[in-house]
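Chain order of the listed sequences is A and B.
For the first sequence, position 4 matches number 4 in the working numbering, and the numbering has no gaps at all.
For the second sequence, position 92 matches number 1092 in the working numbering, and the numbering has no gaps at all.
Everything labelled a hint here was simulated from the structure, so no lab data went into it.
Among these hints, one or two may not hold up.
Said to hold, decoys possible - A few chain B positions that, by computed beta-carbon distances, are all more than 10 Å from chain A:
{"#": "1", "residue": "K1017"}
{"#": "2", "residue": "V1020"}
{"#": "3", "residue": "A1075"}
{"#": "4", "residue": "L1101"}
{"#": "5", "residue": "A1114"}
Said to hold, decoys possible - Here are the computed lysine to any residue pairs in the SDA-like style, where the Cα-Cα straight-line distance is at most 20 Å:
{"#": "6", "chain 1": "B", "residue 1": "K1121", "chain 2": "A", "residue 2": "L25"}
{"#": "7", "chain 1": "A", "residue 1": "K53", "chain 2": "B", "residue 2": "L1044"}
{"#": "8", "chain 1": "B", "residue 1": "K1017", "chain 2": "B", "residue 2": "L1003"}
{"#": "9", "chain 1": "A", "residue 1": "K53", "chain 2": "B", "residue 2": "H1022"}
{"#": "10", "chain 1": "B", "residue 1": "K1121", "chain 2": "A", "residue 2": "V24"}
{"#": "11", "chain 1": "B", "residue 1": "K1121", "chain 2": "A", "residue 2": "A39"}
We treat Cβ as the ideally placed atom computed from N, Cα and C, and that holds for glycine.
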Amino acid sequence: MSRYTLATSIFNRLTGVGLSLGLVLLVYWLCTVAGGPLAAARAARLLGLPAMKLVYAACIVAFCYHLVAGIRHLLWDTGRLLERAQSRRSARVVVVVSVALMLLIGYCVFVLGGRSP
Amino acid sequence: MSLRTPLRRVLGAGSAKEGVHHWLMQRLTSVALVPLAIWFVVSLLALPSLDYTTVAAWERHGPTPLLLILLLGVATWHSQLGVRVVVEDYVPAAGARTVTLTLLSFLHVLLAAAGVFAVLKVALGGPP
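For reference, chain B alone in the conformation it holds in the complex:
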């Protein structure tokens, strides 16, 4: 027996059955970010300087581009999931909420794509 009223059913209101996926992804990205974020901070701190030549050489070196791309992908994903919950909690008007969530999704994809593109450009492009 369903406890939902006929009106609720017609409106499609209720669980979209996607909560578990969101919850799980939030945890999986958290777990992945622990080592990735620590690697990022430690390797930035280990650089002797942050001028162009040093940073570009670092971005070309060994596993750095791969780890940077993973970090950017997982961090933007985690950010998207987290910011989404914040907007859902604090923006009560349905219209404004949908517009905000849509814009934030686009921004996060743009952020990830721009970051990955920037890393690949330095890593794969020869010396400038």
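Chain A extracted, bound-state conformation:
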């Protein structure tokens, strides 16, 4: 039963690469703000497109997962939780905690905010 740990490892890479793309989006956004009110307003139309909500949702999923799974990796680096049963259990903890975090941030952004970043 190593599928659980295998999947968490692959998903960590996948979300990492996703966050690299998210970083491009973040820098683009910062550049449009640096371009002044007109440039920011022009970019806001693009960033506010309904389809962009999917991108933001993907960024939230990737961020939450990579953060929690990354902390698991840091714990491993201290030599803890390396036994097979422990790593299976921590894989579940990572999924549960990161999904909870996704729901929390998703709720703040899409329900409370109702705005697009």
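On the provided structure of chain A, position chain B as indicated by the hints.
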């Protein structure tokens, strides 16, 4: 006694002795990113709106520009280290791998420089 064959030695194949540095930097940037990334998300969520005036005011306020620059620097560094491993693992052809790694290094430096420049422009430039 070295276990490497003479041919390997001539070709310079084998450990470049840089693996430890890469490993360590990947961990150090991870540790730094935990508080930086949480700060970034929480402070974005705390903004009442994401229109130009609010965001520009936020970028000028107190420690925000400093933390943003740290976040951009550490995040691009971490991204560069991570993406590098992915390319090394999944691009088998040496030529394509070298070209991809070179392009990705340039892109990451460009990303960091553009981000830092954008933050400084807003933070240090007066009201538009």
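Practice task
Starting from K1017 of chain B, check that the Cα of L1003 of chain B is at most 20 Å away, please.
Solution key: holds (16 Å)
Handout entry: Nearest-CB test (10 Å) between chain A and A1114 of chain B
Key = Nearest chain A Cβ is 5 Å from A1114 of chain B, so the label is violated.
Problem - Non-interface claim for L1101 of chain B, where every Cβ of chain A lies beyond 10 Å - result: With a cut-off of 10 Å, L1101 of chain B remains clear of chain A, as the shortest Cβ separation is near 14 Å.
Exercise for the section: Verify the proposed pairing of K53 of chain A with H1022 of chain B, using a straight-line Cα cut of 20 Å. Expected result: violated (35 Å)
Exercise for the section: Please work out if K1121 of chain B and L25 of chain A have their alpha carbons no farther apart than 20 Å. Expected result: holds (18 Å)
Practice task
Grab the minimum beta-carbon distance between A1075 of chain B and chain A and tell me whether it stays above 10 Å.
Solution key: Check fails; 6 Å does not lie beyond 10 Å.
Handout entry: Given as non-interface: K1017 of chain B, partner chain A, CB spacing beyond 10 Å
Key = holds (20 Å)
Exercise for the section: Given the hint that K1121 of chain B pairs with A39 of chain A, test it: the Cα-Cα distance must not exceed 20 Å. Expected result: holds (14 Å)
Handout entry: Pair hint K1121 of chain B and V24 of chain A, alpha-carbon separation not exceeding 20 Å
Key = holds (18 Å)
Exercise for the section: Examine each Cβ of chain A, and state whether all of them lie more than 10 Å from the Cβ of V1020 of chain B. Expected result: holds (13 Å)
Exercise for the section: Could you grab the alpha-carbon distance between K53 of chain A and L1044 of chain B and see if it respects the 20 Å cut-off? Expected result: holds (16 Å)
Hint compliance for this structure: hints 3, 5, 9 are not met, and every other hint is.
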